[in-house]
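Enquirer: Just need the whole structure built from these sequences, with the hints factored in.
As a plain string of letters, each chain reads:
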Amino acid sequence: MIPVALLLLWHVLSTNGTFTPAQLPEPTAVLSAGVELIQRGELWIHVAISTQRVFWGFVIGAGLGLALGAWIGLSRWAALLAGPTVGALRAVPSLAWVPLLLLWIGIGEDSKVTLVAIGAFFPVYTTVSAALQHVDRQWVEAARSFGITGLRLFATVQLPAVLPSVVSGLRLALAQGWLFLVAAELIGASMGLGFLLTDSQDNGRTDRLLLAILLLAILGKLTDALLGLFERWTRRRWGAIPST
Amino acid sequence: MPAAPAATSEAATAAEVEFHEVGKAFPPARGSGSAAVPVLEDVTFTARPGEIVAVVGPSGCGKSTLLRAAAGLGRATSGSVGIDGTPVRGIDPRCAVAFQEPRLLPWRSVAANVALGLPRGTPRAAGRRRVAELLELVGLSAHAGHRPAEVSGGMAQRASLARALARNPRVLLLDEPFGALDALTRLRMQDLLLDVHVQDPTTVLLVTHDVEEALYLSDRVVVLGRREEGGPAGIAEVLDVGLPRPRSREDAELARLRGHLLGLLGVER
Numbered sequence: 001m002i003p004v005a006l007l008l009l010w011h012v013l014s015t016n017g018t019f020t021p022a023q024l025p026e027p028t029a030v031l032s033a034g035v036e037l038i039q040r041g042e043l044w045i046h047v048a049i050s051t052q053r054v055f056w057g058f059v060i061g062a063g064l065g066l067a068l069g070a071w072i073g074l075s076r077w078a079a080l081l082a083g084p085t086v087g088a089l090r091a092v093p094s095l096a097w098v099p100l101l102l103l104w105i106g107i108g109e110d111s112k113v114t115l116v117a118i119g120a121f122f123p124v125y126t127t128v129s130a131a132l133q134h135v136d137r138q139w140v141e142a143a144r145s146f147g148i149t150g151l152r153l154f155a156t157v158q159l160p161a162v163l164p165s166v167v168s169g170l171r172l173a174l175a176q177g178w179l180f181l182v183a184a185e186l187i188g189a190s191m192g193l194g195f196l197l198t199d200s201q202d203n204g205r206t207d208r209l210l211l212a213i214l215l216l217a218i219l220g221k222l223t224d225a226l227l228g229l230f231e232r233w234t235r236r237r238w239g240a241i242p243s244t
Numbered sequence: 001m002p003a004a005p006a007a008t009s010e011a012a013t014a015a016e017v018e019f020h021e022v023g024k025a026f027p028p029a030r031g032s033g034s035a036a037v038p039v040l041e042d043v044t045f046t047a048r049p050g051e052i053v054a055v056v057g058p059s060g061c062g063k064s065t066l067l068r069a070a071a072g073l074g075r076a077t078s079g080s081v082g083i084d085g086t087p088v089r090g091i092d093p094r095c096a097v098a099f100q101e102p103r104l105l106p107w108r109s110v111a112a113n114v115a116l117g118l119p120r121g122t123p124r125a126a127g128r129r130r131v132a133e134l135l136e137l138v139g140l141s142a143h144a145g146h147r148p149a150e151v152s153g154g155m156a157q158r159a160s161l162a163r164a165l166a167r168n169p170r171v172l173l174l175d176e177p178f179g180a181l182d183a184l185t186r187l188r189m190q191d192l193l194l195d196v197h198v199q200d201p202t203t204v205l206l207v208t209h210d211v212e213e214a215l216y217l218s219d220r221v222v223v224l225g226r227r228e229e230g231g232p233a234g235i236a237e238v239l240d241v242g243l244p245r246p247r248s249r250e251d252a253e254l255a256r257l258r259g260h261l262l263g264l265l266g267v268e269r
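Residue numbers (my numbering), protein chains in the order written: chain H, 1 to 244; chain Y, 1 to 269.
Everything labelled a hint here was simulated from the structure, so no lab data went into it.
Glycine is no exception: its CB is placed at the ideal position from the N, C-alpha and C atoms.
Hints may contain errors.
Among the chain H residues that face chain Y by a calculated CB cut under 7 Å, a handful are [as the list claims (entries may be wrong)]: (1) Q138; (2) A142; (3) S145; (4) G147; (5) P160; (6) W238.
Only part of the chain Y face toward chain H is listed, based on derived beta-carbon distances under 7 Å [what the hints assert, rightly or not]: (7) A71; (8) L73; (9) L116; (10) G117; (11) I235.
Expert: So this is what it looks like as C-alpha cells:
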C-alpha cells in the first residue's frame, strides 16, 4: 500500500510543478532511464559489481567477526587480552579508515571489499562475543557434568544458544555492508551503484540518480530477505518451539 | 549386591561414596580484608553401595557443596571425596547429577536431551534404545519429540532424571531435584525415584530441604547443622531410618523421626 502511495505522491509532485524535472523527474522518466541503461548493457554491470563487492566483503567481515567474537566470548583470557583493543578499533568511525585503505591498498577492488568487510565485521563481532558471554551458565554446567567439554560443548550448548543473536548480527552486518559499499564507491570507482550516483550527479541525470537509489533499496531488501529465510530456518531448527 | 537389570548389559554397579573431613570456605568479599568464610567443616560420612542417603540442613549450610564436590563440579577447600576408594578429581564419569532446575536445552527434543547423558562413544542404535527405555521408565515416551517448553515442570524434571540415568551412573547425585515442583507432582516424583531405584539400584545422594521427603526416601539422613550462629556447619546427626521400602507416608515411626529431625533443625515441635 505505502509504496503505491509514495509512487503516486512522486508522480503528482513531479508533474504539478512543485519540483522541476531536474530536481525530481517523473517515475516514467526513471523507468526509461533504467531501460536505456539495460539496453546499453551497463545497468547489469553496475548491479553485478556492487553485489559482488558486498558479497565478498560480507563473507570476509562476518567470517572474521564470528571467529574473533567466538574467541573473545569464550575465553576470559582472550577477552582481557584483546577485548579492549578491538573495542577501541570499533570506536573509530569506520569511514575514517578510507584514506588509509586508499593509501595502503589503492583504489582497486580490494580496498572496496575491505571497507565492506570492516563494516560487516563489527556488528557480528559485537553480537557474537556478547551473546557467548551471556549463555546460561547452568546449561554449560549441566553439559560439563555429563562430560561434554571443549569443541563438543561449543557445538552442543554455546553455538545453538547464540544462534539467534548471530543471525541478527548478520542482518545488521549486511545492512552495514551496503552502507559501506556506497561509501567506497562514492569515493573512487568506475563501476557500481555508488559510482552511478556520483556520475549521475555530475552529469545532472537525476533520473539515473533516483534509479540507483531504488536499486540499492531493492538489493538491500532482497539480500536481507535471504537472511530472513535463514533466520526462520534457525528458529524452527533451534528455537524453543519447533513449529511456526 | 543386587543383580544389574538385564536390559542394560553394562549397567554399572553401585559405588561407595566416602566423604572425608570435607570442608568449604568461600573467599571473603573483595576489599573487606577479612579471612575466608567457612561454611562447611569436617564432614565425614560414607554412603554405602546402593544406599539412598539424604542430606538435610538449613539453607546456606553447604548441602549442595557436598554434592558438587562428589560430582567434581566444585572443589572442597579441605578434605576429600572418594568413590570406591579413588578420589574424585574433576568431572567424574561414575557420577550423574540432576539439578534443582531441569536444565534441559530448549532447542532439543526431550529425547535428544536425555541422549546428552549417554556415555561418550555409545553406539547410535544402542543409545536410541537406551533413551527409549529410560523415557518409558519415567513415563515420557509419548513426549519424546516435544521440546522442553512444551512439557510441564514435572515432565521436564523427569527428563532431567532420565538424562542422569542415561549416564549409567554408579552414584546418582540429586540436588533438591523436586524442590521447585508443586506438592502433588513432588510426591509422584518421589515414588518414581523409588521405582527407578528398585530397577537400577545405584547409590543415591539426595540433597533436600524437605524432611518428610528425606524420611520417606532414604536409608539414612545426614543432618547438617551449625554449632554456633554464623559458624560453619557440620554433621549434627546421621539418622538411621531403618524401615523397609516402600513406606507409608503416614507411618507412625516416620512421624516420630520427623519430629526429631525438625527439632534438630531448630523448628518447634
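Enquirer: Would you mind marking each hint as holding or not holding in the structure?
Expert: So, going through the hints one by one against the coordinates:
no.	hint	in the structure
1	Q138	5 Å, holds
2	A142	4 Å, holds
3	S145	5 Å, holds
4	G147	6 Å, holds
5	P160	5 Å, holds
6	W238	4 Å, holds
7	A71	6 Å, holds
8	L73	6 Å, holds
9	L116	6 Å, holds
10	G117	5 Å, holds
11	I235	25 Å, violated
Comparing the model with each earlier hint shows a violation of hint 11 alone; every other hint is respected.
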